[in-house]
Amino acid sequence: MINMAHQEDAKERFYRNFRMQQANIQEQITHLPSIAPVAGERQDATEVILTNISRLTNDVRDATHFLPAYDHRVYTDAVNTLRKELDETTAKLAPKSRFQFRPRPPAAVDGDDAPKSDSRRLVNNRDGTKGEKTNGQPPISPPLSPGGGGSRGRSRSPRAIKVEGERDAVITLPADHSRTSSAGQLIDLSSCVVNLCSPTVEASRAAPFASLMLKGVEKSVVVAGHVDGPVHVTGLKRCVVVVTARQVRIHDCEEVDFYLWVRSEPIIEGCKGVRFAPLPEGMETGAEGENKWKEVKDFLWLKEGQSPNWGVLGEGERVKGDVWRGVMGDEGGDVKGVLGRFGIA
0 MINMAHQEDA KERFYRNFRM QQANIQEQIT HLPSIAPVAG ERQDATEVIL TNISRLTNDV
60 RDATHFLPAY DHRVYTDAVN TLRKELDETT AKLAPKSRFQ FRPRPPAAVD GDDAPKSDSR
120 RLVNNRDGTK GEKTNGQPPI SPPLSPGGGG SRGRSRSPRA IKVEGERDAV ITLPADHSRT
180 SSAGQLIDLS SCVVNLCSPT VEASRAAPFA SLMLKGVEKS VVVAGHVDGP VHVTGLKRCV
240 VVVTARQVRI HDCEEVDFYL WVRSEPIIEG CKGVRFAPLP EGMETGAEGE NKWKEVKDFL
300 WLKEGQSPNW GVLGEGERVK GDVWRGVMGD EGGDVKGVLG RFGIA
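Be aware that the sequence shown starts at 0, since it is given in numbering that gives the first Met the number 0, and climbs by one per residue.
Hints may be right or wrong, so weigh each one.
In silico lysine-lysine, DSBU-like type, Cα no more than 35 Å apart, as pairs [to be verified]:
{"#": "1", "residue 1": "Lys-214", "residue 2": "Lys-291"}
{"#": "2", "residue 1": "Lys-271", "residue 2": "Lys-335"}
{"#": "3", "residue 1": "Lys-10", "residue 2": "Lys-293"}
{"#": "4", "residue 1": "Lys-291", "residue 2": "Lys-91"}
{"#": "5", "residue 1": "Lys-335", "residue 2": "Lys-218"}
{"#": "6", "residue 1": "Lys-10", "residue 2": "Lys-236"}
{"#": "7", "residue 1": "Lys-302", "residue 2": "Lys-236"}
{"#": "8", "residue 1": "Lys-293", "residue 2": "Lys-271"}
{"#": "9", "residue 1": "Lys-214", "residue 2": "Lys-271"}
{"#": "10", "residue 1": "Lys-236", "residue 2": "Lys-91"}
{"#": "11", "residue 1": "Lys-83", "residue 2": "Lys-293"}
{"#": "12", "residue 1": "Lys-91", "residue 2": "Lys-214"}
{"#": "13", "residue 1": "Lys-271", "residue 2": "Lys-296"}
{"#": "14", "residue 1": "Lys-271", "residue 2": "Lys-319"}
{"#": "15", "residue 1": "Lys-302", "residue 2": "Lys-271"}
{"#": "16", "residue 1": "Lys-218", "residue 2": "Lys-302"}
{"#": "17", "residue 1": "Lys-236", "residue 2": "Lys-291"}
{"#": "18", "residue 1": "Lys-291", "residue 2": "Lys-271"}
{"#": "19", "residue 1": "Lys-10", "residue 2": "Lys-302"}
{"#": "20", "residue 1": "Lys-218", "residue 2": "Lys-293"}
{"#": "21", "residue 1": "Lys-10", "residue 2": "Lys-296"}
{"#": "22", "residue 1": "Lys-218", "residue 2": "Lys-271"}
{"#": "23", "residue 1": "Lys-214", "residue 2": "Lys-293"}
{"#": "24", "residue 1": "Lys-83", "residue 2": "Lys-302"}
{"#": "25", "residue 1": "Lys-302", "residue 2": "Lys-291"}
{"#": "26", "residue 1": "Lys-214", "residue 2": "Lys-296"}
{"#": "27", "residue 1": "Lys-91", "residue 2": "Lys-218"}
{"#": "28", "residue 1": "Lys-91", "residue 2": "Lys-293"}
{"#": "29", "residue 1": "Lys-335", "residue 2": "Lys-291"}
{"#": "30", "residue 1": "Lys-293", "residue 2": "Lys-236"}
{"#": "31", "residue 1": "Lys-83", "residue 2": "Lys-236"}
{"#": "32", "residue 1": "Lys-236", "residue 2": "Lys-218"}
{"#": "33", "residue 1": "Lys-296", "residue 2": "Lys-335"}
{"#": "34", "residue 1": "Lys-319", "residue 2": "Lys-236"}
{"#": "35", "residue 1": "Lys-91", "residue 2": "Lys-271"}
{"#": "36", "residue 1": "Lys-319", "residue 2": "Lys-335"}
{"#": "37", "residue 1": "Lys-271", "residue 2": "Lys-10"}
{"#": "38", "residue 1": "Lys-214", "residue 2": "Lys-10"}
{"#": "39", "residue 1": "Lys-296", "residue 2": "Lys-83"}
{"#": "40", "residue 1": "Lys-271", "residue 2": "Lys-236"}
Just so you know, the hints here were simulated from the structure itself, not pulled from any lab data.
With the sequences and hints as input, model every part of the structure.
Structure below.
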């Protein structure tokens, strides 16, 4: 009896230590792109992450004698996921070959002759002074930030798109918005309808996000379009999210419905009442491969059987096409009307 109690204590201690190390490594990987590659700083940071993953791998291997086989497999999968995410991140950060044929620069275009893709054509409807209003309330061209400085500052740098602190707003990224390989961030939004889909899917030169972060969003609908890399979702409550991505990691979310096309298994941690469905009809992005939207892994559910923290959204409960048309622009600035049709009040 004493031996069994000791074994349970060992499992609990290992679980707490593993979670702490896993969270630390995840944070290091997330911040790796922000470290300058000069003087070997990024390489040094990568080596530190590799060392931490190796240490965690050894810890899992050494715990074989007191961990049940199923628990051991879950921990091993979690470590492998960290290693895979680091590999994908470093691959995207690797410098491209400098040798390339350079096309002749186009002639300068001024004024009204500028093409629609020119950044000078970006619509700024926030104060209603430019562009056309929709149903009396203009869509918001989101504040753009190069990753630092004030969140409400506006920049046409293609490196990052950040929207923060909006309330009761329709947020739409223009279809002609040029932002190759940009990262997206949606932070601290409430009662918003967000459509980032057009420039990542519909434009003639569609440019998927390199990565996307959703944090602290509540009572909102987010149609995120196509993300070429990982999507990190943290602290969402009573939301609907639509996205195509390589990887989706979901932390501390409650009552959120995810409509996904995802290449690897979605991962959840600390979530309650999250549900999953494939992309709505007509919103496919043409991504190739198997959609693993329902192969969800709950890293906090170490028992055999289905986790109670997530489920599949039944076909009869999924949002229909006419409702999605409201998000994509048919209902303009009627935020409450759109959210109401999703059952969000």
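So, going through the hints one by one against the coordinates:
no.: 1; hint: Lys-214 to Lys-291; result: 23 Å, holds
no.: 2; hint: Lys-271 to Lys-335; result: 25 Å, holds
no.: 3; hint: Lys-10 to Lys-293; result: 29 Å, holds
no.: 4; hint: Lys-291 to Lys-91; result: 22 Å, holds
no.: 5; hint: Lys-335 to Lys-218; result: 10 Å, holds
no.: 6; hint: Lys-10 to Lys-236; result: 31 Å, holds
no.: 7; hint: Lys-302 to Lys-236; result: 26 Å, holds
no.: 8; hint: Lys-293 to Lys-271; result: 16 Å, holds
no.: 9; hint: Lys-214 to Lys-271; result: 16 Å, holds
no.: 10; hint: Lys-236 to Lys-91; result: 31 Å, holds
no.: 11; hint: Lys-83 to Lys-293; result: 20 Å, holds
no.: 12; hint: Lys-91 to Lys-214; result: 23 Å, holds
no.: 13; hint: Lys-271 to Lys-296; result: 13 Å, holds
no.: 14; hint: Lys-271 to Lys-319; result: 24 Å, holds
no.: 15; hint: Lys-302 to Lys-271; result: 16 Å, holds
no.: 16; hint: Lys-218 to Lys-302; result: 32 Å, holds
no.: 17; hint: Lys-236 to Lys-291; result: 23 Å, holds
no.: 18; hint: Lys-291 to Lys-271; result: 20 Å, holds
no.: 19; hint: Lys-10 to Lys-302; result: 13 Å, holds
no.: 20; hint: Lys-218 to Lys-293; result: 23 Å, holds
no.: 21; hint: Lys-10 to Lys-296; result: 20 Å, holds
no.: 22; hint: Lys-218 to Lys-271; result: 16 Å, holds
no.: 23; hint: Lys-214 to Lys-293; result: 22 Å, holds
no.: 24; hint: Lys-83 to Lys-302; result: 24 Å, holds
no.: 25; hint: Lys-302 to Lys-291; result: 22 Å, holds
no.: 26; hint: Lys-214 to Lys-296; result: 20 Å, holds
no.: 27; hint: Lys-91 to Lys-218; result: 33 Å, holds
no.: 28; hint: Lys-91 to Lys-293; result: 27 Å, holds
no.: 29; hint: Lys-335 to Lys-291; result: 32 Å, holds
no.: 30; hint: Lys-293 to Lys-236; result: 20 Å, holds
no.: 31; hint: Lys-83 to Lys-236; result: 28 Å, holds
no.: 32; hint: Lys-236 to Lys-218; result: 6 Å, holds
no.: 33; hint: Lys-296 to Lys-335; result: 34 Å, holds
no.: 34; hint: Lys-319 to Lys-236; result: 21 Å, holds
no.: 35; hint: Lys-91 to Lys-271; result: 32 Å, holds
no.: 36; hint: Lys-319 to Lys-335; result: 18 Å, holds
no.: 37; hint: Lys-271 to Lys-10; result: 23 Å, holds
no.: 38; hint: Lys-214 to Lys-10; result: 31 Å, holds
no.: 39; hint: Lys-296 to Lys-83; result: 15 Å, holds
no.: 40; hint: Lys-271 to Lys-236; result: 10 Å, holds
Every hint, counting from the list given before, is met by this structure.
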